[in-house]
Amino acid sequence: MNESLLFLIPLLPLFCALINIVFGMRLPRLFAETMAIIGVAGAFVLTILLWGYAEGEGTRAVLFTWLNSGTVDISFALNFDRLAAPMTLMVTGVATLIHIYAVGYMHKEEDYARFFGLLNLFVFAMLAIILADNLLVLFLGWEGVGLCSYGLIGFWYQKVENARAGTKAFLVTRVGDVFLGIALLWLFALTGTLSISEINAQATSISPGVILALTLLLLLGACGKSAQMPLMTWLADAMAGPTPVSALIHAATMVTAGVYLLCRLFPLVSLSAVGMMAITAIGALTAIYAATCAMAQREIKRVLAYSTMSQVGYMFMAVGAGTVTGAMFHLLTHAFFKALLFMAAGCVIHLAGGENDIFKMGGLARRGPKELFWVFLAGAVCLAGLPLTGGFFSKDGILLALYTHPDPFYKVFWLIAILTALLTAFYTFRLVYLVFAGEWRGTGKPHAISLQMRWPLWPLALLGLAGGLLNLPAFVGGSEALHHWYGALAGRLVTVSHEVEWMLIALAVLIVALGWFAAHWRYRNYQAPLDNAAGRFLLNGWYMDALVDRALVRPFAAMARFCSSGLDRSLFDGTINGLARMVSAWGTLLVQLTTGRLTTYLSAFAWGFLILLGWLLLKLVNGGGQ
Amino acid sequence: MIIPFGHALAFAAALFVLGLTCVLLRRQIIMILIGVEIMLNAASLVFIAASAYWQQVDGQVFVILLMAITAAEVAVALAMVVYLWRRKRTLVADEFNGMHG
Amino acid sequence: MLAATLLCITRRNPVHAVIYLVTAFFALALMFYLLGAPLVAAWEVVVYAGAIMVLFLFIIMMLGLAPQEVPEGPGWQRWGPLVLLSSSMMACTLLLIFQDPLASKEIGDFYLAPQALGEALFSRYALAVEIVSFQLLFAAIGAYILGRPLPKGDN
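Chains as they are written, first to last, in this note's numbering: chain A, 1 to 626; chain B, 1 to 101; chain C, 1 to 155.
Chain A with its partners taken away, still in its complex shape (with noise of 0.2 angstroms):
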């Protein structure tokens, strides 16, 4: 097989995505669903197919010269190695469920075309990010995905909330976009190349302090797309879109998108202890910061994104902490079961009728299908970390990186991830029994879920309980599968001792005990929501919203309302009409001479005359005077 085959990986989703943009309208609906998924699903069975390319150092194929001036040489190239193997795996995989789930969940929808083709565009774009082989392509993919994100936001633009959800989204993400697009330029300028390879190897030969400020940059990039601190107040309110879509990129994709750069540069930001040290603090403040929010939603999907922040704060931390490994571990598991809850997420919200607040449901265990609460059971158990499954060996993972960091201040990071997870457990337990377990306390009429709504949930079920053997530590008898296939690009080896590794196994466990146990005392005879401040605090997310509102948004509005009407139109307006007005000012005093009376223009000739006289008297009086 020839390695250009690589190409219609990312490809295949853009021809399709192409077809239902222009023509999907037209096409009866069942071709236009079906387009959309063979697009996702031929990636899939492609990565599949292609799969030993990946092996050794990776195979890049070149599909043909995009920019080619001067020093700038740059391809439109894919790098299909180690670590983007498993990735693409995972997308087109989780995409291809998740497409099958959306056929059902939109069956009501009438703009079928502009959906199915914003995510396969969506599925494309995220391929070019992780397929990338120079940072000018991750770019295309970066603003790529953040287009297609906004769009699908806002998918039901006629509301204005969703509208503006979309638009809120686009715009934090895209402040992360400008340092990255100045990371990108930096690095250009330091290296001559933007080819990811080819920065890494160089990477060496960067003073420290360039490196940290690098390091920075490409961390608040990170940030935008990942909805961590100080670039997350987008995440929760993009709930507005349709469930699918928070399913696809909010849980597997975009948001891991950010971990994804951090793990591709990470020879470049591993130089820099200070930097992996922020990097490791963004991730546990927004950790803590999320799952104290989650604490307090009331709408099941905002519980979900607070969560998917609080759970990428985790791969950050990972990240910082030095394992590779440890971060696309627990992205790989988190995809799983992430995608599976929000997607059970919404066969609970059909189920109460479209309702989204879980305060008003209860009792869903009976009132629906059986198999739904144990799926949904099956990925909050893997959320809040429950041994042996694959979240919990993914969360363990991180946890063991942290506290055998050499840097003894990454203790206090691990404190705030056992705090998390401590709080994850809680909120999560509280989210299952708040939904399934009671008396029904809602008003709605159940709407029909249908087959594509419910199968796809089994296999995300099985992997997230399963996804522990992706990774195995050695000490249970695994074979750390994925480390070795990570090879030279896993960072940092992680060992410790075998009684270290069964007193942090057991921390572990205790902690996701406490948080069961919290959460059972409190709700599993249904309680009313706490009205107080701590409360209210907790479920405006800190009132972040309102601080960037009136730091940011409200002076910008300001000035740009200046600028509008103070400069604009005061000014250039006035400027110009000013101009206008004394023009035709002028014009109404001449008229007064078109007096249309013989007199008037006699008198004119008359009076010219005498100018004339007055100047040829002067020439003579000048010319005689010389």
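For the record, the hints were derived by calculation from the structure and aren't laboratory data. Please read these numbers as outputs of a predicted model, since none were measured by experiment. Please note that the accuracy of each hint is not assured.
Some chain C residues close to chain A (C-beta under 8 angstroms, calculated; not the full set) [said to hold, decoys possible]: (1) Val83; (2) Leu85; (3) Ser88; (4) Met89; (5) Cys92; (6) Thr93; (7) Leu96; (8) Gln99.
We put the beta carbon where it would ideally sit given N, CA and C, even for glycine.
Put chains B and C on the given structure of chain A with help from the hints.
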């Protein structure tokens, strides 16, 4: 008659200015036309004086032609005056301001 | 002559103005004769004073422009700037005339016989005479057209 040329010119100039004053001063069209006549006569005087100075005949010929033209012009002008009178029953020049802007 | 012209332009009654102008033309004819142009002088009287001014009088009388009570003359405000205008024009012109050395040359004795004038007129200036005769024809036609009665209902 032996006079300096300048005197003749000055006299003609005075006559011309008087004619111009008449044109600008009076409001009735008839009076304006009379002023025009005075100005034309001043011009004729200049021609005659020049003809005498240079001892040529051409100046006088021109005056004859001028008189003929003037006659034609007066005929048409007075016909117009009659027409205007019939239109507006007044001959004050200021009344005819239909072409004002 | 200047006195006559001055009186002419300041009369309120147009008939009086015409009469004074005729007087002025007589004086002018005399000046023509003294400058050596007897034929022109004669024609001045015959054509100008005799035909043109008579035509003026005719129109004035026909249109009834000189009723018993005299119409209002020009007002004071028009009078002022115009005097200024004409006096300054006069001053300029005088200055221009007398700065030229030609002005102090004397006009010599000159007397042109009518025969010489007629010879020049019909030999060298014959074309001009023909054209002027055309012009008179045009004027007559124009005057006729303008003098036609107005169509009914025309404002």
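A quick look at each hint next to the structure:
1. With its C-beta approaching chain A no nearer than about 12 angstroms, Val83/C sits outside the 8 angstroms limit, and its interface hint is violated.
2. For Leu85/C, the shortest C-beta to C-beta distance to chain A is roughly 6 angstroms, which falls under 8 angstroms, so the interface hint holds.
3. The restraint placing Ser88/C at the interface with chain A holds, with a minimum CB-CB distance near 6 angstroms, inside the 8 angstroms limit.
4. Among the interface hints, the one on Met89/C holds; its C-beta lies about 5 angstroms from the nearest C-beta in chain A, closer than the 8 angstroms criterion.
5. A distance limit of 8 angstroms between C-beta atoms decides the matter here; for Cys92/C the minimum to chain A is near 4 angstroms, and the interface restraint holds.
6. Because the beta carbon of Thr93/C sits about 6 angstroms from the nearest beta carbon in chain A, less than 8 angstroms, this interface hint is met.
7. At about 6 angstroms, the closest approach between the beta carbon of Leu96/C and any beta carbon in chain A falls short of 8 angstroms, and the interface hint on this residue holds.
8. Hint status for Gln99/C: holds, given a least beta-carbon distance of 6 angstroms to chain A, under 8 angstroms.
Checked against the numbered hints listed earlier, the structure breaks hint 1 alone; every other hint is satisfied.
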